[in-house]
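Q: Could you build the full structure based on these sequences and the hints that come with them?
Going by the numbering used here, the first residue of the sequence shown is number 62, and it counts up by one from there.
Source of the hints: derived by calculation from the structure; they are not laboratory data. Any given hint could be a false lead.
Derived SDA-like pairs (lysine to any residue); straight-line CA-CA distance at most 20 Å [to be verified]: (1) Lys228 - Leu103; (2) Lys228 - Gly100; (3) Lys228 - Glu109; (4) Lys228 - Ala110; (5) Lys228 - Ser212; (6) Lys228 - Gln113; (7) Lys228 - Ser214; (8) Lys228 - Asn104; (9) Lys228 - Ala112; (10) Lys228 - Glu99; (11) Lys228 - Pro98; (12) Lys228 - Gly106; (13) Lys228 - Cys213; (14) Lys228 - Leu218; (15) Lys228 - Thr217; (16) Lys228 - Thr102; (17) Lys228 - Val107; (18) Lys228 - Arg215; (19) Lys228 - Arg105.
Label-pair restraints from in silico Cβ distances [as the list claims (entries may be wrong)]: (20) Glu201 - Phe178: 37 to 43 Å; (21) Val203 - Val172: 42 to 48 Å; (22) Thr134 - Gln113: 37 to 43 Å; (23) Thr148 - Glu115: 41 to 47 Å; (24) Glu119 - Ile183: 35 to 41 Å; (25) Glu115 - Arg177: 56 to 62 Å; (26) Thr120 - Ala182: 33 to 39 Å; (27) Thr102 - Asn196: 56 to 62 Å; (28) Gln124 - Ile183: 26 to 32 Å; (29) Val132 - Glu167: 38 to 44 Å; (30) Thr195 - Thr217: 42 to 48 Å; (31) Tyr211 - Asn133: 33 to 39 Å; (32) Gln157 - Ala182: 16 to 22 Å; (33) Gln157 - Glu201: 44 to 50 Å.
Small disclaimer: the values here were computed from a predicted structure and weren't measured. Glycine residues also receive a C-beta, built at the ideal position from the N, C-alpha and C atoms.
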Amino acid sequence: MKKSTMMFGAITMAAALALAMTTTTTQAYAQQSRACPEGFTLNRGVCEAPAQSEQVCETGDLQDGACVEIVNTDPFCPGNFIFNGETDLCELYFTQFPDANGNCREPFVMVDGQCRFTQTAIPDCNTGSLNAETNQCESEEVVGQPITVYSCSRGTLNEASGLCEVKPGREK
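A: This is the structure we're talking about:
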């Protein structure tokens with residue numbers, strides 16, 4: 062056999078072997094990537110997917126990126142006025158005795174045998190606004206910042222990488 066024919070044969074054999082190795086390696090990777098559950102990708106022998114994240118508050122409710130609680134305080138009435146929860150008004154009572162005929166002069170009206178006049182004022186809240194159902198001033202107070210909680214619907218959370226991990230072929 063000629064030297065050039067042997068050389069050509071050796072080159073052809075090496076090319077065929079390299080092609081076979083490439084095809085085998087590609088097929089092995091393709092089989093491994095099919096072993097990862099949907100949404101996961103193979104990375105160095107581990108199936109990975111981004112973890113789900115959620116902002117939560119340890120206390121209060123999440124509103125506009127902050128943890129907020131409703132704070133209730135009593136309404137404020139001016140001067141000697143007293144808050145009346147039935148009318149949701151501040152009231153100040155004036156009383157006088159009826160005249161000789163047993164009548165009350167305007168603006169007084171007869172209540173329990175006495176002439177009474179009730180002056181009213183709108184209650185004030187130092188902060189917030191009056192809730193007529195609870196008769197309380199309600200205001201929102203920021204009680205903290207939310208924390209981010211990561212979780213995985215499948216696999217195990219790798220806290221260092223923030224990724225969900227599954228071994229290939231273990232979960233579909």
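Q: Each hint should be assessed against the structure and marked as holding or not.
A: Hints versus structure:
The hinted pair formed by Lys228 and Leu103 meets the criterion: a straight-line CA distance of about 9 Å does not exceed 20 Å. Taking the CA atoms of Lys228 and Gly100, the gap is near 14 Å; set against the 20 Å cutoff, the hint holds. Distance check on the hinted pair: Lys228 and Glu109 sit about 9 Å apart at the alpha-carbon level, within 20 Å; holds. For the suggested pair Lys228 and Ala110, the alpha carbons sit about 12 Å apart, so the restraint of at most 20 Å is met.
As the CA atoms of Lys228 and Ser212 are separated by approximately 17 Å, the hinted pair is consistent with the 20 Å bound. The hinted pair formed by Lys228 and Gln113 meets the criterion: a straight-line CA distance of about 19 Å does not exceed 20 Å. For a cut-off of 20 Å, the pair hint linking Lys228 to Ser214 stands: about 15 Å separates their Cα positions. For the given pair, Lys228 sits about 10 Å from Asn104 by alpha-carbon distance, which is consistent with the 20 Å threshold.
Annotation: proposed proximity of Lys228 to Ala112 holds, straight-line Cα distance about 16 Å (limit 20 Å). Restraint check for Lys228 and Glu99: satisfied, since their Cα atoms lie roughly 13 Å apart, inside the 20 Å limit. Note on Lys228 and Pro98: the hinted pairing holds, with a Cα-Cα distance of about 10 Å set against a maximum of 20 Å. Restraint check for Lys228 and Gly106: the C-alpha separation of about 7 Å stays at or below 20 Å, so the hint holds.
Straight-line distance between C-alpha atoms of Lys228 and Cys213 comes to about 14 Å, which keeps the hinted pair within the 20 Å bound. Taking the CA atoms of Lys228 and Leu218, the gap is near 12 Å; set against the 20 Å cutoff, the hint holds. Restraint check: the Cα-Cα separation between Lys228 and Thr217 comes to about 10 Å, which is no more than 20 Å; the hinted pair holds. A threshold of 20 Å between alpha carbons decides the hint, and for Lys228 with Thr102 the separation of about 11 Å falls inside it, so the pair holds.
Restraint check for Lys228 and Val107: the C-alpha separation of about 5 Å stays at or below 20 Å, so the hint holds. The suggested pairing of Lys228 with Arg215 holds, with an alpha-carbon distance near 11 Å, which does not exceed 20 Å. This hinted pair checks out: Lys228 and Arg105 have alpha carbons roughly 11 Å apart, not beyond 20 Å. Against the hinted window of 37 to 43 Å, the Cβ-Cβ separation of Glu201 and Phe178 comes to about 38 Å, which satisfies the hint.
A C-beta distance of roughly 46 Å is found between Val203 and Val172, which places it inside the suggested range of 42 to 48 Å. Between Thr134 and Gln113 the Cβ separation comes to about 39 Å, which falls inside the hinted range of 37 to 43 Å. Range check, Thr148 to Glu115: about 45 Å between beta-carbon atoms, so the 41 to 47 Å window is met. At about 37 Å, the CB distance of Glu119 to Ile183 agrees with the hint of 35 to 41 Å.
One distance hint, 56 to 62 Å for the beta-carbon pair Glu115 and Arg177, holds here, with the actual separation near 59 Å. Against the hinted window of 33 to 39 Å, the Cβ-Cβ separation of Thr120 and Ala182 comes to about 36 Å, which satisfies the hint. Against the hinted window of 56 to 62 Å, the Cβ-Cβ separation of Thr102 and Asn196 comes to about 59 Å, which satisfies the hint. Distance hint for Gln124 and Ile183: a CB-CB separation of about 28 Å, consistent with the stated range 26 to 32 Å.
Our hint of 38 to 44 Å for Val132 and Glu167 holds, since their Cβ atoms are close to 43 Å apart. Between Thr195 and Thr217 the beta carbon distance is about 46 Å. The supplied range of 42 to 48 Å therefore holds. In this structure the supplied range 33 to 39 Å holds for Tyr211 paired with Asn133, their Cβ-Cβ distance being about 35 Å. For Gln157 and Ala182, the Cβ-Cβ distance of about 21 Å falls inside the hinted range of 16 to 22 Å, so the restraint holds.
Gln157 and Glu201 have their C-beta atoms about 45 Å apart, which keeps the hinted 44 to 50 Å range intact.
Violation of the numbered hints given earlier is absent; every hint is satisfied by the structure.
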